[in-house]
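**Student:** Chains as they are written, first to last, in the numbering used here: chain A, 46 to 239; chain B, 46 to 239; chain C, 46 to 239.
It is possible that some hints are incorrect.
Each pair may be met inside one copy or between any two copies, as identical chains are not told apart.
[Stated by the list, open to error] Straight-line Cα separation of at most 35 Å, DSBU-like style, residue types lysine-lysine; simulated pairs:
| id | residue 1 | residue 2 |
| --- | --- | --- |
| 1 | Lys114 | Lys49 |
| 2 | Lys211 | Lys161 |
| 3 | Lys167 | Lys98 |
| 4 | Lys237 | Lys67 |
These aren't lab readings, by the way, just hints derived from the structure by calculation.
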Amino acid sequence: MFDKQVDYAVEAAGYFKELASKGVIDDTAINRMRDLEHQGDDVAHSIIDRLDKTFITPFDREDIHYLAKEIDDIVDMLNTITSRMKVYKISGVDRRLVEFAGVIEESVRAVACAVKGIRSMKHSSFVSRACVEINHLENVGDSMRDEVLAELFETAKDPIAVIKWKEIYQDAETVLDVCEDVAHVVESILVKQA
Amino acid sequence: MFDKQVDYAVEAAGYFKELASKGVIDDTAINRMRDLEHQGDDVAHSIIDRLDKTFITPFDREDIHYLAKEIDDIVDMLNTITSRMKVYKISGVDRRLVEFAGVIEESVRAVACAVKGIRSMKHSSFVSRACVEINHLENVGDSMRDEVLAELFETAKDPIAVIKWKEIYQDAETVLDVCEDVAHVVESILVKQA
Amino acid sequence: MFDKQVDYAVEAAGYFKELASKGVIDDTAINRMRDLEHQGDDVAHSIIDRLDKTFITPFDREDIHYLAKEIDDIVDMLNTITSRMKVYKISGVDRRLVEFAGVIEESVRAVACAVKGIRSMKHSSFVSRACVEINHLENVGDSMRDEVLAELFETAKDPIAVIKWKEIYQDAETVLDVCEDVAHVVESILVKQA
Numbered sequence: 046m047f048d049k050q051v052d053y054a055v056e057a058a059g060y061f062k063e064l065a066s067k068g069v070i071d072d073t074a075i076n077r078m079r080d081l082e083h084q085g086d087d088v089a090h091s092i093i094d095r096l097d098k099t100f101i102t103p104f105d106r107e108d109i110h111y112l113a114k115e116i117d118d119i120v121d122m123l124n125t126i127t128s129r130m131k132v133y134k135i136s137g138v139d140r141r142l143v144e145f146a147g148v149i150e151e152s153v154r155a156v157a158c159a160v161k162g163i164r165s166m167k168h169s170s171f172v173s174r175a176c177v178e179i180n181h182l183e184n185v186g187d188s189m190r191d192e193v194l195a196e197l198f199e200t201a202k203d204p205i206a207v208i209k210w211k212e213i214y215q216d217a218e219t220v221l222d223v224c225e226d227v228a229h230v231v232e233s234i235l236v237k238q239a
Numbered sequence: 046m047f048d049k050q051v052d053y054a055v056e057a058a059g060y061f062k063e064l065a066s067k068g069v070i071d072d073t074a075i076n077r078m079r080d081l082e083h084q085g086d087d088v089a090h091s092i093i094d095r096l097d098k099t100f101i102t103p104f105d106r107e108d109i110h111y112l113a114k115e116i117d118d119i120v121d122m123l124n125t126i127t128s129r130m131k132v133y134k135i136s137g138v139d140r141r142l143v144e145f146a147g148v149i150e151e152s153v154r155a156v157a158c159a160v161k162g163i164r165s166m167k168h169s170s171f172v173s174r175a176c177v178e179i180n181h182l183e184n185v186g187d188s189m190r191d192e193v194l195a196e197l198f199e200t201a202k203d204p205i206a207v208i209k210w211k212e213i214y215q216d217a218e219t220v221l222d223v224c225e226d227v228a229h230v231v232e233s234i235l236v237k238q239a
Numbered sequence: 046m047f048d049k050q051v052d053y054a055v056e057a058a059g060y061f062k063e064l065a066s067k068g069v070i071d072d073t074a075i076n077r078m079r080d081l082e083h084q085g086d087d088v089a090h091s092i093i094d095r096l097d098k099t100f101i102t103p104f105d106r107e108d109i110h111y112l113a114k115e116i117d118d119i120v121d122m123l124n125t126i127t128s129r130m131k132v133y134k135i136s137g138v139d140r141r142l143v144e145f146a147g148v149i150e151e152s153v154r155a156v157a158c159a160v161k162g163i164r165s166m167k168h169s170s171f172v173s174r175a176c177v178e179i180n181h182l183e184n185v186g187d188s189m190r191d192e193v194l195a196e197l198f199e200t201a202k203d204p205i206a207v208i209k210w211k212e213i214y215q216d217a218e219t220v221l222d223v224c225e226d227v228a229h230v231v232e233s234i235l236v237k238q239a
């Protein structure tokens, strides 16, 4: 079930990168992102419902719960950013945001590898590598956001634009933070299985 | 004990609507809201203390803990918004905020129904309906906030006013998010009891 | 292990106060704060790893997990504020921030007392007093932040400065909120041991 949930996350991250590259957030974009969010939500709820009815679980009950919630948060956040860009009437391609969306997509792909790999201990070194990658991309995103914000505050003449972009970049960085949280849970599951 | 806690939440939501309708946040308002917050906090602590000393609980220990915390967060957030309005020296009636406060009041009332209903399986269909209502109101609030923000960013000449109102509407929407979280816990308790 | 973790938090809080008093955030400051954050993070991970491999624990497994996470959040937040001040190119001494940093240092010191005291029931009245102190300092910080923000919004001509300082003071208050969360966990551990 987690496979399906992370697949939605990968799709949402890919679509977000596409939207950033096109620089147009129209109703089609909003609807498709919202659909992905709803579908991801449904899978998350199914996982938790099934968990509530099951006595024996492959991993710690709490870890499963937390994992479902965090993967859900990835899609949620991407949906939030997209609808925010529409609300703020942001249009045109922002080169930095495209770059950032690329980092997000890489990180979510690594999350998918890590989550799909935990079923079998055979893949544990592969899973560990994905987790290291996710941690690395979080640091990359941190620096990117700081650079963008420093530039924004230094050159900005329009405070309203500062308010808008500051929030968008902080939200974008939050997606990478959530991916890092997933990596931590996955690493902790590996430790317990070892 | 949860009955008492949700009653404080209902009272706080009703009072918040009254304040929004009057458009005056004076010291009396601040004190009464803070008192409600303290009283709600005390009940939450009593619930958790008693939980820590009890071996057998009617529902999952974690669910009880989480429920107490979330209901507490509703009153907390209403208190935060109220004191923020005072700090920001916001006065006068904002028609949209009155509407929003109305949606919050409805949602908190539905939370009270849901929470009071979980004691007996006889009410399970009634509880489910309240949860559906809470989810619906969260979507309503989402759209309202987006509309207000879109208008605010489009027409605003004063960036300081944008900063103030953006935060107030986002916090108001957070109250509905917390109500939705309560609905999810209640639904999960229903599943486990079934 | 918690002793080491809170010692890093105390060091970070002391260093933050020093930085606020000097009014200069240079690369040395950024690096030292980031190192403290990494070291604190490593201890937190060791605690959680060891917890995952241990069957019998002195306190509730969840409480230990939560405590490690919250103490980690203190150092995280101080690191966030520091790097934010660099990004926002804030320089010069802000008297209010120095005061606030002083309250944070006091609160983190009380957190250290409380956390170090839970090992032995002999210190329980001492631990309780530290928790009361933490709660008190959170209220102090709340009022300080409200005063600063009220003044900022009233006198500010530069919206960009409002955006910067509003975030810094809100983050500073968040450190005190996290300390209060630690106090709640510690109090709940005391109740269970009694």
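**Student:** Could you tell me which of the numbered hints above are not met by this structure, giving the numbers in increasing order?
**Tutor:** 4
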